[in-house]
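**Student:** Sequence:
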Amino acid sequence: MNDIVKTIDVKEMGMRFKLIRQKLGITQTNLAEQLGTSQVMIYRIEKGEKIMSSLFLKLELFFSPHVSLDALFAKQFDIEDERVFSKDYSVNTIVKERLAALREEMTAKLSEAEKKLGEELDSTVGLL
Numbered sequence: 000m001n002d003i004v005k006t007i008d009v010k011e012m013g014m015r016f017k018l019i020r021q022k023l024g025i026t027q028t029n030l031a032e033q034l035g036t037s038q039v040m041i042y043r044i045e046k047g048e049k050i051m052s053s054l055f056l057k058l059e060l061f062f063s064p065h066v067s068l069d070a071l072f073a074k075q076f077d078i079e080d081e082r083v084f085s086k087d088y089s090v091n092t093i094v095k096e097r098l099a100a101l102r103e104e105m106t107a108k109l110s111e112a113e114k115k116l117g118e119e120l121d122s123t124v125g126l127l
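According to this note's numbering, the stretch in the sequence shown is residues 0 to 127, in order.
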């Protein structure tokens, strides 16, 4: 993820947001209305000007049902690549990694609980 953040700057993200908005057939004015901001702010974002991070996040969330965030943040971005708008591809690696980490954590906790239960059972059997 750090490599991605280092290679994609605000100007590049603004260009990507613009391409996606245009591909979806949404005007800057319509997008601004849906996000509760002005058309000028959308224009500034698409031009790569520094803007409020909350608005930047709103844009990401707005586009996320339509666009793979993996593709949005990929080093190589091609608006014509069908995976950009693919629902199969839009399951984010971040989500996959988090689920894998949760699974690993739960497996470790279950293993620890199983060990403690075994020890308690052995202790109880010793009392009999």
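The hints are simulated quantities; they were obtained by calculation from the structure and are not laboratory data.
For glycine and all other residues, C-beta sits at the position ideal for the given N, C-alpha and C.
Accuracy of the hints is not assured; some may be wrong.
Computed spacing ranges between beta-carbons, pair by pair [said to hold, decoys possible]: (1) Asp-121 - Glu-59: 17 to 25 Å; (2) Lys-49 - Met-105: 34 to 42 Å; (3) Gly-47 - Lys-22: 46 to 54 Å; (4) Leu-54 - Gly-24: 50 to 58 Å; (5) Ile-78 - Gly-117: 22 to 30 Å; (6) Asn-29 - Ser-52: 43 to 51 Å; (7) Met-105 - Thr-26: 45 to 53 Å.
Cross-link-like lysine to aspartate or glutamate pairs, in silico, EDC-like; alpha carbons within 16 Å at most [stated by the list, open to error]: (8) Lys-10 - Glu-59; (9) Lys-74 - Glu-11; (10) Lys-22 - Asp-80; (11) Lys-17 - Glu-79; (12) Lys-74 - Glu-48; (13) Lys-57 - Glu-32; (14) Lys-22 - Glu-81; (15) Lys-49 - Asp-8; (16) Lys-49 - Glu-11; (17) Lys-114 - Asp-77; (18) Lys-22 - Glu-104.
**Student:** A separate judgement is required for each hint: does it hold in the structure or not?
**Tutor:** These are the hints, each one checked on the structure:
Our hint of 17 to 25 Å for Asp-121 and Glu-59 is violated, since their Cβ atoms are close to 53 Å apart. A hinted range of 34 to 42 Å for the beta carbons of Lys-49 and Met-105 is consistent with their spacing of about 41 Å. Separated by about 19 Å at the C-beta atoms, Gly-47 and Lys-22 break the suggested range of 46 to 54 Å. Between Leu-54 and Gly-24 the CB atoms are about 21 Å apart, so this pair departs from the stated range of 50 to 58 Å.
For Ile-78 and Gly-117, the hinted distance range of 22 to 30 Å is not satisfied, since their beta carbons lie about 57 Å from each other. The beta-carbon spacing between Asn-29 and Ser-52, approximately 23 Å, falls outside the hinted interval of 43 to 51 Å. Separation of Met-105 from Thr-26 is about 46 Å and conforms to the stated range, judged on CB atoms against 45 to 53 Å. Simply put, Lys-10 and Glu-59 have alpha-carbon atoms about 15 Å apart, close enough for the 16 Å limit, and the pair holds.
Straight-line distance between C-alpha atoms of Lys-74 and Glu-11 comes to about 10 Å, which keeps the hinted pair within the 16 Å bound. As the CA atoms of Lys-22 and Asp-80 are separated by approximately 12 Å, the hinted pair is consistent with the 16 Å bound. Restraint check: the Cα-Cα separation between Lys-17 and Glu-79 comes to about 14 Å, which is no more than 16 Å; the hinted pair holds. Distance hint between Lys-74 and Glu-48 is unfulfilled; the C-alpha atoms sit about 20 Å from each other, more than 16 Å.
For the given pair, Lys-57 sits about 12 Å from Glu-32 by alpha-carbon distance, which is consistent with the 16 Å threshold. Between Lys-22 and Glu-81 the CA atoms are separated by roughly 12 Å; this keeps the pair inside 16 Å, and the hint holds. Using a Cα cut-off of 16 Å, the hinted pair Lys-49 and Asp-8 holds, with the two alpha carbons roughly 10 Å apart. Restraint check for Lys-49 and Glu-11: the C-alpha separation of about 12 Å stays at or below 16 Å, so the hint holds.
Our distance criterion of 16 Å between C-alpha atoms is broken by Lys-114 and Asp-77, whose separation comes to about 51 Å. At most 16 Å may separate the alpha-carbon atoms for a hinted pair to count; Lys-22 and Glu-104 exceed this at roughly 41 Å.
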